[in-house]
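Each chain sits in its own coordinate frame; assemble them with the hints.
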Amino acid sequence: MKLPQFEYACPTTLHDAVALLAARAGDAKALAGGQSLMPMMAFRIAQPALLVDLRKLPGLREIKVSGDGVRLGAMVRWRDIEDDARLASAHPLLKAAIAHVAHYQIRNRGTVGGSLAHADPAAELPGIALTCEAEIAVMGKGGARTIKATDFFLGALTTALEADEIITELRLPPWPQERAKSRRWGFQEFARRRGDFAMAGVAAFYDLDNSNKAMNTHIGVIGIGDRPHRLPAVEAMLNGRAIDDASIERVAAATSAAVEPQDDIHASAAYRRALVGTLVERALTSAAA
Amino acid sequence: MPIRFEVNGKQVTVEVEPRLTLADCLRQQLRLTGTHIGCDHGVCGACTVLVDGDAVRACLMLAVQAEGSKVVTVEGLSNDDGLTPLQKSFRKHHALQCGFCTPGFITTAHALLSEEPDCDADRIRDVLSGNICRCTGYISIVEAVLDARAAYKSNGGKP
Numbered sequence: 054m055k056l057p058q059f060e061y062a063c064p065t066t067l068h069d070a071v072a073l074l075a076a077r078a079g080d081a082k083a084l085a086g087g088q089s090l091m092p093m094m095a096f097r098i099a100q101p102a103l104l105v106d107l108r109k110l111p112g113l114r115e116i117k118v119s120g121d122g123v124r125l126g127a128m129v130r131w132r133d134i135e136d137d138a139r140l141a142s143a144h145p146l147l148k149a150a151i152a153h154v155a156h157y158q159i160r161n162r163g164t165v166g167g168s169l170a171h172a173d174p175a176a177e178l179p180g181i182a183l184t185c186e187a188e189i190a191v192m193g194k195g196g197a198r199t200i201k202a203t204d205f206f207l208g209a210l211t212t213a214l215e216a217d218e219i220i221t222e223l224r225l226p227p228w229p230q231e232r233a234k235s236r237r238w239g240f241q242e243f244a245r246r247r248g249d250f251a252m253a254g255v256a257a258f259y260d261l262d263n264s265n266k267a268m269n270t271h272i273g274v275i276g277i278g279d280r281p282h283r284l285p286a287v288e289a290m291l292n293g294r295a296i297d298d299a300s301i302e303r304v305a306a307a308t309s310a311a312v313e314p315q316d317d318i319h320a321s322a323a324y325r326r327a328l329v330g331t332l333v334e335r336a337l338t339s340a341a342a
Numbered sequence: 012m013p014i015r016f017e018v019n020g021k022q023v024t025v026e027v028e029p030r031l032t033l034a035d036c037l038r039q040q041l042r043l044t045g046t047h048i049g050c051d052h053g054v055c056g057a058c059t060v061l062v063d064g065d066a067v068r069a070c071l072m073l074a075v076q077a078e079g080s081k082v083v084t085v086e087g088l089s090n091d092d093g094l095t096p097l098q099k100s101f102r103k104h105h106a107l108q109c110g111f112c113t114p115g116f117i118t119t120a121h122a123l124l125s126e127e128p129d130c131d132a133d134r135i136r137d138v139l140s141g142n143i144c145r146c147t148g149y150i151s152i153v154e155a156v157l158d159a160r161a162a163y164k165s166n167g168g169k170p
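Quick note, the sequences are listed as chains A and W, same order.
Position in the first sequence counted from 1, then plus 53, gives you the working numbering.
Position in the second sequence counted from 1, then plus 11, gives you the working numbering.
Only chain W is shown next, with the shape it has when bound in the complex (with noise of 0.2 Å):
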């Protein structure tokens, strides 16, 4: 069936059969394969994407539940001028090592710093712990985040 959502700022119409994962329609049909699939039950976070507004997991999210709403990727948060605050930040704390966990660390972590730039250590990790990530042990993830509040916090809410 044919479903029309926006996807990083454009209206996209795609066909798709219902059992399709907004998390497949996104890597398959509009081949933005930032979105990485790492269980693909709703347990490892790495599929996460903005809906509305809102962090939720793209793998427990149906492509035609997306209909009509505004879906944001990790390649939606980069932009034109290079890395952004909070890439910036992954990078400079060495918050990646493979990688793959990445994407859905940053929309988390960028959702979560939209809302509440004062967040602390502790609101960072709670929120956080949805998200898995099998290299950095999460220390320096935490770091990277705490250190890219400033740039959400100096612009409203916006990095």
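Only chain A is shown next, with the shape it has when bound in the complex (with noise of 0.2 Å):
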């Protein structure tokens, strides 16, 4: 469908964006790189009164990699992150999951605060934020915040952000780079087309201890259930193990028993409860070679 009727204002400052969201509580919606909000307007599933476009708002577009992390300003695109040559070490597993988002055209245009604050349970960067245990800053106009991605995601294109709030970044803890070689790391999803939402997804790593086994894992899944979500109990079961086919075989199977996957219209609950285990057999069998 046609786009319903709103009004537009593109602010030159986040101040004044912050200004007026909050001035039409609720009613208003931030537009980014609209690669989200514009197909929900088109099917109605969003109906804002009120578009604040971000595109002059300064400062937003910056990649910072430092020994404090990496940095991605709310307007950076995907194709920002796919060009940016820092981030394969920097952060090689935002790099790899970053390849299966979307498709050409719309990686030229959508963005990492637009995927956030979109929040889509099957999206490749709400993963990697929640399985990093990034923080996502937001201006309101109480003033600025954190939000640990832990607490921002609620459910099914539901977040924490408040109506008055803007995304201004994503801050992804630093990835080892002194050891790099400990840092274990894999990505894997899975949709018919390259691009396409994933059916399911997997996000993990862990680092290696002296006696090469596993500390510090970290596995999440996207595109089961209604939003992101790390699996800790399958965690538990891989730190201080050696990681080889046998754990990884037993950890695959539990990772299908733990998920609660649900049917829709592009697999059932079955099929995802056993490609998650799939996926996490992959993801860890490429993490460990």
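In case anyone wonders, no lab produced these hints; they're calculated from the structure.
Since we're looking at a predicted model, the values are computed, not measured.
Check before you lean on any hint, since a few could be wrong.
Said to hold, decoys possible - Reference listing, derived: stretches of chain W covered by chain A, where coverage requires no fewer than 3 residues with Cβ under 8 Å from a Cβ of chain A:
1. 49-57
2. 63-74
3. 130-140
Backbone N, C-alpha and C define an ideal beta-carbon position, used for all residues, glycine too.
The structure is reproduced here in structure tokens:
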């Protein structure tokens, strides 16, 4: 359908953008790349009375790499992440996951902030934010605050973002550089076509201790249930163990048992349950290789 | 509200409602009907145009967001000497039947070959995965794009 009517504003400062959102309490939406919001409006799932375009706001398009980790400005596009050579070592898991996001044309417009705010349960970036214990920096009429990814995603298309708040930055904790070989990681997802929404996906990483046992294991899943989530019981099975074919097989089976997938038009719950076990197996196998 | 942007090398000023997509603005107000609208919600790729050099879906962009940009439509990719090398390649390889999706494939392939004239078949398939064709089955389209690479390579990314 053609889009419903709305008013449009294109402020030049973050302060003005927040004020515009605050003045319309809940009836206004921030517009970044529009690659999720515009289809939502075409389907009438979203019908904001005012769109506040963020394209003229300064300082939101930068990718910062430092000892504090990787910071992605809210208006950073998938294309920018793809093109940034630093990220191959600064955050290889992020880089691998983002390679699965959408198609060529959408990658030229879709943004970090837009994906986080949209909170699709199958989206890659929310899954990476959650798995890596990232923080999301936001600005509202009450000032700036940071929200832990674990507290941010509340359900399908639902986040902790207040109506007057705009995401400014995603802050990913540092990826080890000095002992880079001790950090093992894998990302796997399955979709009918690369670039389509995943039926399920898995992000995994762990560190090897001095005796080559896994520690600090993080395993997150997307496309299963109403939001991205980690699997603490499965992570605990790996911590303190050597990662070999036998332990990977056990963990894959435990993953299938631990998740509570949904039926939908794309896949049955039973299919997703089997799929996510296979994806964990593949992610850990590629991590250990 | 009035907006000003460049389309195919010409500055235009149009009066648009905020809800008008760039695709509808190009077709209805500027009568550039080469940009086709298939799904109108970002799935089919038929409406692909170039905005500041990047291939984007014109149905997922508001016309007001194009203010100050340089937009190139499929009309802007043709020249006065008949078919471009990419268009010739589509004809040679039978890369279209009904032709509805073709403008989106041409603009997408042009953006790709302009930046990556050395791309391989896998990369071409990956990039074209955002465009849907219901007639040809894609093989001939990939072959046409592969064959058009030479024209972009020999001319520094320009066909």
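Item to complete: Against the earlier hints, flag every one the structure doesn't satisfy and list their numbers going up.
Response: none
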